[in-house]
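Enquirer: One line per chain: the protein sequences are L and D, in this order.
Numbering follows our numbering, with no gaps: position 191 of the first sequence is 191.
Numbering follows our numbering, with no gaps: position 91 of the second sequence is 91.
Calculated from the structure, these hints are not laboratory results.
A portion of the hints provided could be inaccurate.
Below are the EDC-like pairs computed for lysine to aspartate or glutamate, each with C-alpha atoms no more than 16 Å apart in a straight line [what the hints assert, rightly or not]:
hint, chain 1, residue 1, chain 2, residue 2
1, D, 81, D, 43
2, D, 89, L, 13
3, L, 23, D, 28
4, L, 100, D, 37
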Amino acid sequence: MKEERDYTQDLAEIRSMMERSSKFLSLSGWSGILAGLYALIGAYIASALFHFNPERMRPGNLESTGTASNLSEVIGLALVVLVLAVGTAVFLSHRKAGRKGETIWNATSRRLLTAMAVPLLTGGLLILILASNGLIGLMAPLTLLFYGLAIYSASRYTYEVMKYMGLIQIILGLLAVEFIEYGLLFWAAGFGLVHIIYGIYVYYRYER
Amino acid sequence: MKIDIDDLHKAFESRVRLGIMSALAVNDSLDFTFLKEYLEVTDGNLATHIKKLEQEDFIRVEKSFIDNKPNTRYHMTGKGKKAFNDHLKVLEQIINAKNKNK
């Protein structure tokens, strides 16, 4: 045969170009692992130091679905965990993208963030409205639910595995509504353990 | 079934053009700057390849202004999509045929 072009190589290159132009693949596995650790520490502080222990939901007695001796501290703590996790993710993605000669602010990352923004803002506002009405017991289940929805819909623009992480968070969120007295435990499982497992998976699958 | 390497469209011989089509196949539309950074080519080089694909009627240009700055976006035409998919199919057939002959 005369000059052989490597068509297998061609096809593989096309597929990779299609994927790279539509997916943001600079998310670092380490940011998942660290976010999980922050969440576990945060959940421990909320439970042990601030005595955040929502009670069981009872019909006609919705106002008392939660008691926290220091509600504003719990909310402050949640915000600190959030800022740390997001900050770590941005920093590590920036480093990873830099190594690949890419930037983190591009068409695919913008789409990823847009897909997450609507469910996250909706959930965040709902939680604030409920909390200001004393329904703080729903904070943990609702953060799981809306975060799960956000990353499920964002998974189209990044690693496939994020879709499954989203579904797991949604399931944990629903369970946490039913077993609201264990809300914080479900929250620690979802934001802590699931993130760590996800991070380890991404690290071994894509970064080693 | 006869597989002909001539079925591979000439427009896809160039890596840059194939890159433009690959990126546009999975995105509604993309702007010039994104394509330039993504394919790591110069303005002039990219413009030449884009013109070729435009002449084939594979992609279409939309010019608009964002904050008074010109913004040029490209999207794939139906014809372009079909040509690109056919190209992938022919590549797959060639590979399959080759594997069978081994």
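Enquirer: None of the hints should be skipped; say for each whether it holds.
Expert: Now for the hints, and whether the structure bears them out:
1. A hinted pair counts as satisfied when its Cα atoms are at most 16 Å apart, and residue 81 of chain D with residue 43 of chain D does not qualify at roughly 24 Å.
2. The suggested pairing of residue 89 of chain D with residue 13 of chain L holds, with an alpha-carbon distance near 15 Å, which does not exceed 16 Å.
3. Restraint check for residue 23 of chain L and residue 28 of chain D: the C-alpha separation of about 13 Å stays at or below 16 Å, so the hint holds.
4. Restraint check for residue 100 of chain L and residue 37 of chain D: the C-alpha separation of about 13 Å stays at or below 16 Å, so the hint holds.
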